[in-house]
Amino acid sequence: MAGLVFLVILAVIFQARSGGVFLNTVNLQGILGLLPEVALVAMGVTLLMICGEFDLSVGSVFALTPMSMAVLLEAGWPFLAAITVGLFVAMTVGLVNGVLTVKFSIPSFITTLGMLFVARSMTVVISGGFPPLLPLNVIPKWLFVTYVGPGDMFRVSFIWFLAIAIGMTLLLSRTNFGNWVRATGGFLPAAKSMGIPTKRVKIACFMICSLLAGFAGTLQVMRLGAPLPSIGEGLELQAVAAAVIGGTALTGGIGTILGGIIGATLIRVIDNGLVLSQVDANWFKMALGALTVFAVILNAWLRKKAKSIKVETEK
Amino acid sequence: MSSNPIIQVKNLHKWYSGVHALKGVTLDLRRNETVGLVGDNGAGKSTLINLLSGMQLPTEGEIFFEGKKVCFNGPADAMEAGIETIYQYNSMVPTMSIARNMFIGREPMIYSIGGIGILDSKKMAIESVQAIADVDLHLRSPDALVGELSGGQRQGVAIARAMHFKSKVMILDEPTNHLAVKETQKVLGFIKSLKKLGIPGIFISHNIHHVFECCDRMIAMARGEIVLNKRVEETNMTEILDVL
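Protein chains in written order, with this note's numbering: chain B, 454 to 768; chain V, 1298 to 1541.
Chain V extracted, bound-state conformation:
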């Protein structure tokens, strides 16, 4: 438990043209720990996630990944390092097949020049079937369009993708939003299985119940600052609702 943290964030600030969205956030994410990040709209959760996933650059402050200082110039850098983010409106293209979605931006190729090349379709099909089966998701075929899947299945495929690429940290940005009850349970199941696999995660949600159900530590944010950071055993819902 006391091993060195996989992600360290030090005094992170972010300004959006006059708005101070993140006011000096300092945070450690330990290995083998699922962290729940809660907060109201505009509390700075999404900003923090955007900085960690490389979508934006911090105005000030440092991010350390596995002890080394990092600077993510784009999502590809963060993914390369091993931080995979699954977004609320999900990171899948509905008009494309499951196999193609699994490998967007990281396509295996038979032959390539300067980064552009011929896809290894066979490998894509085989590996996507394997990856989906690994998260205990049962789908018809890797050629089915993602648009034909339910919301929960899509999140399942996104998580399967992250696992397939052996991500070291998984960030889940409101993965249970807009999902039916059964589907939500399935996604919470995926998150719990991450812990079993020893992949640390950050789980963002409006729903504190969901977070309590599958996280080890709670972080609450309000007005761009962290207002609470305790292990779940040491806190309760009332305390969290109070600080928000």
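Chain B extracted, bound-state conformation:
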């Protein structure tokens, strides 16, 4: 796995360049605190890409979900009801993406590109241009963003992330639904002829992807304390980059949740490491871009290598 190799190499480089600051507690605390937000989005995008579809609207859903919640909180709704409605909005966006894509058999690239604009616009519209302040006293911060663990190593959001990551990994690798997702993305005609409800599988993946993006956005807003209509811009492409760096194939069928998480971690590490190494932060996108292409080349090479080794041992 190319992603893992890069991660180790970069950690060593950044550790040296930053004079030991990179791997110290405070900095790791920073990385781990922010990681869940990108990684949750990356996980959903990874799942959907394995299923053979794309979602460009995750960045907008990332903003729309907490904004819906914040508007309701401001109107005096209790927290639980507001967050439920917010996540429900996210799932509805996924449902619409999925239904439009499979019903009219159009590329999900187009459906979700449209949704990227629609959901972003709705975020601004419902905020009325003036984002509401989160009433901090009604938000159970201890449940989402407070620091916990030995030496206050992570935020509670990290535990949510871990639990969801384990759940998603098991879903994909240990359940029949996971088998259907891989079959649908791997070779659609075969999946159909074996009687798999491929349309419903795709719609379900769209919904899970949106839900995770919405939850991630909600975590970020609770951490920041205010919902900005502009959060998550460009996140959709970062999530695709994370999935691809982690070995997910654009053509579907291939990939792992863990790969997506490693990809997301790499992105966070680069972002953070560049700053610590006192490199101009504007190099971030350059590094991300180069890494994405590099990782895919390396993954393709590794796969070929693995294949030839197998063929040799067979003789």
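Keep in mind the hints are simulated off the structure, nothing from the lab. It is possible that part of the hints are untrue.
30 Å max Cα-Cα, derived BS3-like pairs, lysine-lysine [stated by the list, open to error]: (1) LYS1493/V - LYS1366/V; (2) LYS1492/V - LYS760/B; (3) LYS1307/V - LYS1365/V; (4) LYS758/B - LYS1479/V.
Nothing here was measured: the structure is a model prediction, and the numbers come from that model.
Starting from the known structure of chain B, arrange chain V on it as the hints suggest.
Okay, now just chain V, sitting in the frame of chain B:
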């Protein structure tokens, strides 16, 4: 031989937005009989197969399976009844392992709620090894990816899968297409072994030689109709080529 037919098709019609693809096909498939279905492109072979395997619904006409009228709303219904179809571009996912491919859509589960549940991986591995060995196919491991197999091996795995699920009828849609000579012989061998096991089959091919080699009866289709239906002893290649 004269036992009641396992599949009866009566006056089957299929229209595709203005095109009359199947014009009143009537057909019996007897038990213990491998039928060869030949015809040119667009003769209606694939349409007939799609109706029998549940991929499409007929516009008009009836299908009886084991004497009972059936209506297949999807491939899962047909598979449930016992009709397994192996397609030309094969019904395997190349990016998945043999064990996973064996059980797509019919996964054994340890525990499940509402149809979704935890896979019984151990059972999948053991049974797929057994099923593959049963068709005399020797593969490295059930965890090998189907994409790493040759075309003939893939068809072998597909046939092993059909046998494992005790299908009552097997439909093979051009299984020898794009295969090398040796591989073709292997697949023809699989088809012959079906007959020994008493599983009736429908074998579709462009290659009349292949069909003659392993079938008991020949059905030729042209322009959406059956133009010939004889036992192999009663006909020959020239006659079939003439009617096509």
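Indices of hints not satisfied (ascending): 2
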